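Under our numbering, the very last position in the sequence shown is 221; numbers go up by exactly one each time.
It should be emphasised that the hints constitute simulated quantities derived from the structure, not laboratory data.
Fair warning: this is a prediction, and the values are worked out from it, not measured in the lab.
Certain hints may be false.
Simulated restraints, written as ranges between beta carbons of each label pair [said to hold, decoys possible]:
#: 1; residue 1: Ile176; residue 2: Thr146; range: 40 to 48 Å
#: 2; residue 1: Arg96; residue 2: Gln70; range: 45 to 53 Å
#: 3; residue 1: Gly139; residue 2: Leu79; range: 46 to 54 Å
#: 4; residue 1: Thr163; residue 2: Arg35; range: 19 to 27 Å
#: 5; residue 1: Asp31; residue 2: Asn119; range: 19 to 27 Å
#: 6; residue 1: Arg35; residue 2: Ala160; range: 30 to 38 Å
#: 7; residue 1: Asp135; residue 2: Asp97; range: 52 to 60 Å
Ideal Cβ positions, reconstructed from N, Cα and C, are used throughout, including at glycine.
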Amino acid sequence: MSLTLRIALEDVKKKESYILYLEQELINLEDEINRLKTRIQEICSHRNILEDNTDMTQRPPQSPAIEIRQNYEDIQKHLGDVRLYFQNRIQVPFSRDAILKKLGLISTSANRLQEIAQNNQPIDQRITQLQNQYDTSQGILNLTRTAFTNEQQECRRIFAKYTKWKNREKNSRQTIINLRQQIFVLQNNPLPNPNMAAIQDVMQTISPRLAILPDYTCRQN
1 MSLTLRIALE DVKKKESYIL YLEQELINLE DEINRLKTRI QEICSHRNIL
51 EDNTDMTQRP PQSPAIEIRQ NYEDIQKHLG DVRLYFQNRI QVPFSRDAIL
101 KKLGLISTSA NRLQEIAQNN QPIDQRITQL QNQYDTSQGI LNLTRTAFTN
151 EQQECRRIFA KYTKWKNREK NSRQTIINLR QQIFVLQNNP LPNPNMAAIQ
201 DVMQTISPRL AILPDYTCRQ N
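Sequences are here, hints too, so could you generate the full structure?
As structure tokens, this is what we get:
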């Protein structure tokens, strides 16, 4: 096998191994993305709920989106009561202590909203990062597959050329064998007619032709 063909085959094997590596990386990234999504669902379903400072009861488990909306609505409600208290202290049914408690609930709800945002931001960023890595790896895999296909085509082209050279070399060897057989026949069966060329003349005629026949070098003339 020619050196060029051997190098091409080795290069194809390396690219095939790299494709398998990229495919495994994609599987790992998909698993990581799914694991993080599952983690988000667990966080959503097991989120600690704010305690009501009035009756110490808890709300049923809620998703972050519902909890955010509920805390926002609580803040708006308590702010409305506080605003009403300062606008008309005589007619509102709230005492000073009740207003202070509402201000505390507003602060607690605001802190909870900030906590939800902080807890979910790293996971969202990680999912985005992994998704970007997945897209990049998918693009590299597609490019590598294209290059691998091109290498296979080049390998087939080189092998076809190698086969052509091999056939030419075989034909050249057969021609040499035929000429040597003719020489052997002439050497062992001298021509009876003295007017015909002597064996030395025949050798002088054939030898240059044998000399110009090239040895097989795996290179196309």
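With 45 to 53 Å as the target window, see if Arg96 and Gln70 comply at their CB atoms. Cβ of Arg96 to Cβ of Gln70: about 27 Å, so the range 45 to 53 Å is violated.
Verify the CB-CB distance for Ile176 and Thr146 against the hinted window 40 to 48 Å. holds (46 Å)
Check the following: the C-beta atoms of Thr163 and Arg35 are separated by a distance inside 19 to 27 Å. violated (52 Å)
Within 19 to 27 Å: is that where the Cβ-Cβ distance between Asp31 and Asn119 falls? At 23 Å between Cβs, range holds.
Note whether the CB distance of Asp135 and Asp97 lies within 52 to 60 Å or breaks it. holds (57 Å)
Just to be sure I understand the hint, the distance between the Cβ atoms of Gly139 and Leu79 should be within 46 to 54 Å; is that true here? Cβ of Gly139 to Cβ of Leu79: about 50 Å, so the range 46 to 54 Å holds.
Given the hint of 30 to 38 Å, check if Arg35 and Ala160 actually sit that far apart at their C-beta atoms. For Arg35 and Ala160 the Cβ distance comes to about 49 Å; the hint is violated.
Against the hints set out earlier in the document, violations occur for numbers 2, 4 and 6.
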